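Chemist: Chain by chain, the residues:
2 protein chains.
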Amino acid sequence: MDTLSVDLGSRSYPILIGAQLLARGEQLAARIRARDILIVSNTVVATLYAAALRAALAGRNLVEVILPDGEAHKTLDNVARILDVLVTNRFGRDACVVALGGGVVGDMAGFAAACYQRGIEFVQVPTTLLAQVDSAVGGKTGVNHAAGKNLIGAFHQPAAVITDTSTLDTLPDRELRAGLAEVIKYGLICDADFLGWLEGNIGALLARDPQALAHAIRRCCELKAQIVGRDEHERGERAWLNFGHTFGHAVESASGYGSWLHGEAVGAGMLIAADMSRACGMLSAADVERIRQLLTRTGLPLDVTAVRASDALTHMGLDKKVQAGRIRLVLLRRIGEACVLADYPDDALQATLAAHFG
Amino acid sequence: MDTLSVDLGSRSYPILIGAQLLARGEQLAARIRARDILIVSNTVVATLYAAALRAALAGRNLVEVILPDGEAHKTLDNVARILDVLVTNRFGRDACVVALGGGVVGDMAGFAAACYQRGIEFVQVPTTLLAQVDSAVGGKTGVNHAAGKNLIGAFHQPAAVITDTSTLDTLPDRELRAGLAEVIKYGLICDADFLGWLEGNIGALLARDPQALAHAIRRCCELKAQIVGRDEHERGERAWLNFGHTFGHAVESASGYGSWLHGEAVGAGMLIAADMSRACGMLSAADVERIRQLLTRTGLPLDVTAVRASDALTHMGLDKKVQAGRIRLVLLRRIGEACVLADYPDDALQATLAAHFG
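Chains as they are written, first to last, in the numbering used here: chain W, 208 to 565; chain G, 208 to 565.
Excised from the complex, chain W in its bound form (with noise of 0.2 Å):
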């Protein structure tokens, strides 16, 4: 087992890596003090998995709350859902809640658990690829408004995070492509080697191969945890991690929540920001080819011609990266390197929309 640190003074907190971390379950009752615990899940994972998590804190007052799998339901709904639920087994200050899924299930239950009397402890033990390298990590919490996704939400991180690697063997190949978009994403905006690693290991990576996969979620909780150590509320660096977010973003609220998975979504929205930065001047179409190429082999879909070009522009309009008025991209200066540009030529925005967007 692996154990990282994500540094943010007395909130800092572990990362546990490891296989069959719910199977033993040791590790996880160390980490998990409280008496009374609400586990928040969803009806796919808690079928797997909610025996193995309710052995492992066997003795301790167990509660659940089983939510409808998928992007559409995060909603304030279920995380009033959520409250009501401790509210009625009046918990106190000192209970915990755990988030056992993906990053739906993670990014409401800890919403719940910021806005619980002002804030009680939560544990992510994540499920998917995707909330392994991504969002378990660093305290985004929060739920989807009907007009554009994280809206509404709260920076509140966890005790720990404990990611079983194990459970990526019942995870759907769509959703273990999914995950390699923020994967490939960690290569893109900061770590060019790691890039040229996973160009080499996308096969073994497909393949499940479980030291290829824990090498990689090794090394994107690494850089995640330096980012969110130095930048922990997004003034400046941490918005590196929103690359092909906003145009992401506005893929997923065009088409409604449902039709493309979050992590889809960030990988045609990152080769719609890499064509971006090739029109501002800092890739070079050989650079797209690449990216694109690496994406493709992935076998993630990039051709959001669905989508309107003006329904993508007014749905990036309500993005959280809009300042005075102007959309701010995040580009890439060069790969491996990211950078938050306002001051793009606006043709090029148009242009590249044109180009990727029906």
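Since the hints were derived computationally from the structure, they do not count as laboratory data.
Model, not experiment: these values are computed from the prediction.
Heads up, the beta-carbon is just placed ideally off N, CA and C, and yes, glycines get one too.
Treat each hint with caution, since some may be false.
Unchecked claim - Here are a few chain G residues that face chain W, going by a calculated C-beta distance under 7 Å:
| no. | residue |
| --- | --- |
| 1 | L283 |
| 2 | A287 |
| 3 | V292 |
| 4 | V294 |
| 5 | N296 |
| 6 | C322 |
| 7 | R325 |
| 8 | A354 |
| 9 | L358 |
| 10 | G360 |
| 11 | A361 |
| 12 | F362 |
Starting from the known structure of chain W, arrange chain G on it as the hints suggest.
Modeler: Showing chain G alone in chain W's frame:
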């Protein structure tokens, strides 16, 4: 005009206290730099002061949400309504929420600002004595749940508190007295000299003598700013500010929000907490009588016999001060010094509840 400071490092902010700050407006305009501003108020306060606030912020992009008046409306649904307006108007992270009103408006506007895009700026313009001396300072935001007060919320500090003491001219007598309950609280928990001053000046305060009111507001804000600066997230000393609130919340919850004003319930709760302090051997019967006399002279209702003791206990069990299943109580070690006690005799609590509740 007086200016105090709440010292919280990079999140420090000023408290401006003075007459006619809304009517004159320059100070207000100078402290709110955002272009996009959402004003949150209630029907009563908006009628009186929204025009002045709009005039002070002329030239900005102003949007308003006017909520119904009263504690019964401090709900997650109304916060969702505020969030909808922020989204619909496509406000970005650089927008500002201005709370114009009492504690209910401030708590909801602040919570919406805390949750929108994971936190945007907000400014408190408190118009009740209770909000001016207590709820507008310190960053506690949130809403009630049917099962208990303030069970859902966030710590989110305002960027400024702008206290126009002239707004007290239109405050109903009943609300003035309710605010004075919180004023008396400061004397009881941490400033015996101030309590003595209050005993000598309660007549002037009830007669709305501007100098007396300004002195009381300033002293309460000084004391609260010191406590919050030392213990922002209520790990210790800040809990003293909840003196009277555990019993008071039980009165409010058991009566249904709306029949008791929050400050009235706190006033009655302080008398019960003082009596419990006596039962625990910390205050004398004469101390309790002294407190009762001041509360009575302030015109506060102290009869809670309409609430059954068993109902009060049930509602106290859901209070945020519960740890490990035990109700922690904020009591008085002596007049002018509070303490938090968990190891009180259970029969002292039972006897105290029986002596006050029905």
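Chemist: Each of the hints needs a verdict: does it hold here or not?
Modeler: Cross-check of the supplied hints:
Of the supplied interface hints, the one on L283/G holds, with its beta-carbon coming within about 6 Å of a beta-carbon of chain W, less than 7 Å. Checking A287/G against chain W: minimum C-beta separation of about 6 Å stays under 7 Å; hint holds. Taking 7 Å as the C-beta cut-off, the interface hint given for V292/G is violated, the closest approach to chain W being about 11 Å. Look at V294/G: its Cβ gets to within about 5 Å of chain W, closer than 7 Å, so that hint holds up.
Taking 7 Å as the C-beta cut-off, the interface hint given for N296/G is violated, the closest approach to chain W being about 10 Å. Hint status for C322/G: holds, given a least beta-carbon distance of 5 Å to chain W, under 7 Å. For R325/G, the shortest C-beta to C-beta distance to chain W is roughly 5 Å, which falls under 7 Å, so the interface hint holds. For A354/G, the interface hint holds, the least distance from its beta-carbon to any beta-carbon of chain W being 5 Å, beneath 7 Å.
At its closest, the beta carbon of L358/G sits 6 Å from a beta carbon of chain W; the interface hint therefore holds under the 7 Å criterion. For G360/G, the interface hint holds, the least distance from its beta-carbon to any beta-carbon of chain W being 5 Å, beneath 7 Å. Proximity of A361/G to chain W holds as hinted, the smallest CB-CB distance being about 6 Å (cut-off 7 Å). Residue-level restraint check for F362/G holds (minimum Cβ-Cβ distance to chain W is 6 Å; threshold 7 Å).
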